[in-house]
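No gaps in the numbering here: position 37 of the sequence shown is 37 in full-length UniProt numbering, and each next residue is one more.
FYI, nobody ran anything at the bench for these hints, they're computed from the structure. All figures in this text were calculated on a predicted structure; none of them were measured in a lab. Cβ atoms here follow ideal geometry from the backbone N, Cα and C, with glycine treated the same way. Warning: the hint list may mix true and false statements.
As the list claims (entries may be wrong) - Label pairs and their in silico Cβ distance ranges: (1) 156 x 228: 26 to 32 angstroms; (2) 123 x 201: 20 to 26 angstroms; (3) 153 x 111: 19 to 25 angstroms.
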Amino acid sequence: MSLMRPLKIAWAISRYRLDTLLTIVTLPWYVRLALLFWPARWFFRAKAPEGRRLRLALQYLGPVFIKFGQILSTRRDLLPDEMADELAYLQDRVAAFSSQQAQDIIEQQLAKPISELFSRFDSQPLASASIAQVHSACLHSGEEVVVKVIRPGIDKTIGKDIRLMKWLARAVNCFADGRRLRPIEVIEDYEKTIFDELDLLREGANAATLRRNTLAEGKLYVPKVYWQYTAKRVLVLERIYGTPVSDLETLKAHNIDFKVLGERGVEVFFSQVFKDSFFHADMHPGNVFVDISNPKSPTYIGVDCGIVGSLSPEDQSYLAQNLLAFFNRDYYRVAELHVESGWVPAGTKVKEFEAAIRSVCEPIFEKPISEISFGLLLIRLFQTARRFDMTVQPQLVLLQKTLLNIEGLGRQLYPELDLWQTAKPFLEGWVKTQVGPKRFLEMLKSHGPSWVAKAPHVPDLAYEALRQLQQRPQQNHDIEAQLQQLNANVVKAKKIERRRWIALVVVLAGLAWPVLPDSLSTEQWLALAAAALIFLWP
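Start from the sequences and build out the full structure, keeping to the hints where you can.
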């Protein structure tokens, strides 16, 4: 791995004095000692506010770190207001690249000059984010659109960051506590996600799917994709006009019903996860707008669908049952589900695990979000994870990230939102649809033709299964005989190996005999020859 990237990170920490953000008394002694001799303490002064220095450092380090800052910006419960406000700039106000570069990329990707593609192309970008920037334009048909263009050279920058993260993940994986977090699998999953985000054809397909899934319900609107103007590095979408979800002053001025807005955010999320199994996984405030045309019934507008998540039916069922068990305070069932799914080892004592989960979760129920200490909850859950050897599930990392974003939005919009009471009815309804006559009829309608096609083969398959079952005792006997023979061969091989090593020692001792070869006695030569023969004998 190149040393340039770690040196750049060390430079950013020094240049922006990020060491001052650490709480010294909570650090290990050797880290405190290292900080005493940190060069930045003498060469750089911490003049700017902490939030600005953190934001500038993350922006300097590039897209992977900018995305980390985007997630942090939604967690006002963990950060001071000044720091959260600064990090909010990373959502859509990252330093832009030149308009000429953007036009060159568009013309190269679409194989036409800008004048033929658009009747108007605005050189000043509407927004600039970590991966791409957006320009407004107008088609020759008169439709207002936005043009998203991938940053030039971003692939190499991300590749360097990913290599560094893998190196750090391997280092963390050397420790028992680190292995429980499965850092290597998590980084590999994130690598796939972020490189997928560089393919705007994929993002267009994601947007089209989300639009189709959510258009009928009317709670989330996703812009239309113009496929004839879309390529791998360029995406053209319908232009939307909404208020940023973080612009609370404007929303208040239009008398938006924040209770409805907060509840709809939770409903949209759970609908995408459980009903569609296809959810927007990058819901930071820079990607979410509000349609304020109807203040009493506001709806969301979602953009930037580069990162989406999808769960298997097994994951959906497991999550739904776990959440319902949490809501019903059935901690024994929660413990059982963790064991059944393999999140904790099969030999875990369920009663002990139940007691640990109860001590973590009981304090958070029947409280509005503003009164829930998720920081304390995460600390106690980690302690529980260490005690019961719980492991992180990489396939759910995107879901966990999205939950953090939704929670942050909920805090800003409607702190009194009762997340549990909003989500519980939805989950109960979803679970009911997964069982019963209605679900059976849906399965019959979906899989019926396939079942009918396979039906003629069922008698033959049943006969073959019964025949194999009848032959099972003889097969087991043959397998046992083979295992005994393999065991005998292993024992024989070990004896031969041991005999060869003894013979080798004898040969080497004879060769090291402190006399000339021609002065060896006949008996000595015969002994060496016999030892060599034993060594070479199979």
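CB-CB spacing for residue 201 and residue 123 relative to the 20 to 26 angstroms hint: Taking Cβ atoms as reference, residue 123 and residue 201 lie about 25 angstroms apart, which means the hint holds.
CB-CB spacing for residue 228 and residue 156 relative to the 26 to 32 angstroms hint: holds, 30 angstroms
Consistency of beta-carbon spacing, residue 111 to residue 153, with hint 19 to 25 angstroms: With Cβ atoms ~21 angstroms apart, the hint holds.
Against the hints set out earlier in the document, no violation occurs for any number.
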